[in-house]
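Colleague: Residue numbers (numbering that gives the first Met the number 0): 0 to 404.
Simulated from the structure, these hints should not be mistaken for lab results. From a predicted model like this one, the values you see are computed outputs, not experimental measurements. One or more hints might be untrue.
As the list claims (entries may be wrong) - Calculated lysine-lysine pairs in the DSS-like style (CA-CA distance at most 30 Å, straight line):
| no. | residue 1 | residue 2 |
| --- | --- | --- |
| 1 | K286 | K189 |
| 2 | K154 | K242 |
| 3 | K154 | K216 |
| 4 | K189 | K344 |
| 5 | K286 | K216 |
| 6 | K55 | K282 |
| 7 | K375 | K216 |
| 8 | K341 | K55 |
| 9 | K88 | K344 |
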Amino acid sequence: MTGTTLISADNTWALMAITCGWVAFSIYAEQTWAWASKLSGAIIALIGALLLTNLKIIPTNAPWFDDIIWGYVVPLAIPLLLLQCDIRKIWKESGKLLIIFLIGSVGTTCSAVLAFNLLENSVPDAAGVAAMMTGSYIGGGVNFAALSGAFAVEKEVMAATTVADNLLMACYFFVLIAIPSINFFRNAYKHPHMDEIERVGIDDAAKTQAAAYWERKPISLRDIAIDFATSAIIVWVSTEIAKVFGMVIPTGNKPLEMLNGLLSNKYLIMTTVAMLVATFGSKHVEKMAGSQEIGTYLIYLFLFVIGVPASIGQILQNAPMLFVFCLIMVVVNMLFCFIFGKLFKFDLEEIVLASNANIGGPTTAAAMAISKGWVKLVGPVMLVGTLGYVIGTYFGTFIGQMLGA
0 MTGTTLISAD
10 NTWALMAITC
20 GWVAFSIYAE
30 QTWAWASKLS
40 GAIIALIGAL
50 LLTNLKIIPT
60 NAPWFDDIIW
70 GYVVPLAIPL
80 LLLQCDIRKI
90 WKESGKLLII
100 FLIGSVGTTC
110 SAVLAFNLLE
120 NSVPDAAGVA
130 AMMTGSYIGG
140 GVNFAALSGA
150 FAVEKEVMAA
160 TTVADNLLMA
170 CYFFVLIAIP
180 SINFFRNAYK
190 HPHMDEIERV
200 GIDDAAKTQA
210 AAYWERKPIS
220 LRDIAIDFAT
230 SAIIVWVSTE
240 IAKVFGMVIP
250 TGNKPLEMLN
260 GLLSNKYLIM
270 TTVAMLVATF
280 GSKHVEKMAG
290 SQEIGTYLIY
300 LFLFVIGVPA
310 SIGQILQNAP
320 MLFVFCLIMV
330 VVNMLFCFIF
340 GKLFKFDLEE
350 IVLASNANIG
360 GPTTAAAMAI
370 SKGWVKLVGP
380 VMLVGTLGYV
390 IGTYFGTFIG
400 QMLGA
């Protein structure tokens, strides 16, 4: 396919320009136009890649995508985002939102086992898909990347899963956006944040939607240097630790084999090391401006790239049951959040944002909170969503090992 595209696979500068250019447009659109903010810059980035690939403008495989983004950009992004994950701070400041988020995470894990058992014979590499989507539907794209690499999922399966996930995720976001306006949900759940908005109106900061969260912040050359150095060191140290575990832990029986698989997973070690640095080195990490912005930008590049191999025709022909697989997981997550949210008397806004943070990650959840004017929940949902980046990889790795990925 690469030979028939307008831009060849070896034209790295052109592919880099297109990737960075479309990502810049996606971020600009999200922070400028109301419709784009509701859709989210992440979805716009994916749609752009999907269109460019299916119109035969860019190839599905290229060194820029396969070697640079997957090999270097994704590993660098993970620690940068996890440097925000001070476990003590999350536990202290996220309140009830953390509990409903964890309930949703359990729902995602259960849904992966359910979907696997129902569709094991209908979905290629069902165990690998279950692992990837467990991580993705607890954390986000960073977990999808980590787990697809950890379990060596075939690119064709990953691409088809990406398309199914992206289309369902976009649809689900529209559902979540609509739910607070539906009388059934307004009558069934408390909604103090919406009541406050209806009483006093949405302030100017909330009207700017995503721009209100990603406002301009002071950042120095030293900050950028320390951010990249810290991330690179964490990746290097984690890779070496994972290699050592892989060599010293025997694989003579199933429990040891599972332990070896867990501790030799460089992404899992990377997650753990970054979390420990964020938690126990919080005084130093708090002075590192820009890590969240840089990490999020790198994930946007990744989001574009995972949309590149996606062919709607291919998935409809070769793997239609992947839609059903992902749909089962999304529906079960939603049911867990709303049923247990009702039982434990959570607010409607907390339930919607927790499910959003599970399925889409902290950025989309924060953008939704801002767009709805629920400004008091922006910080907490960003915190619990960032926690999803940590536990998503653990849960996904466990599911993958348990199901034999």
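Colleague: Okay, which hints does this one fail, numbers in order?
Modeller: Structure breaks hints 1, 3, 6 and 8.
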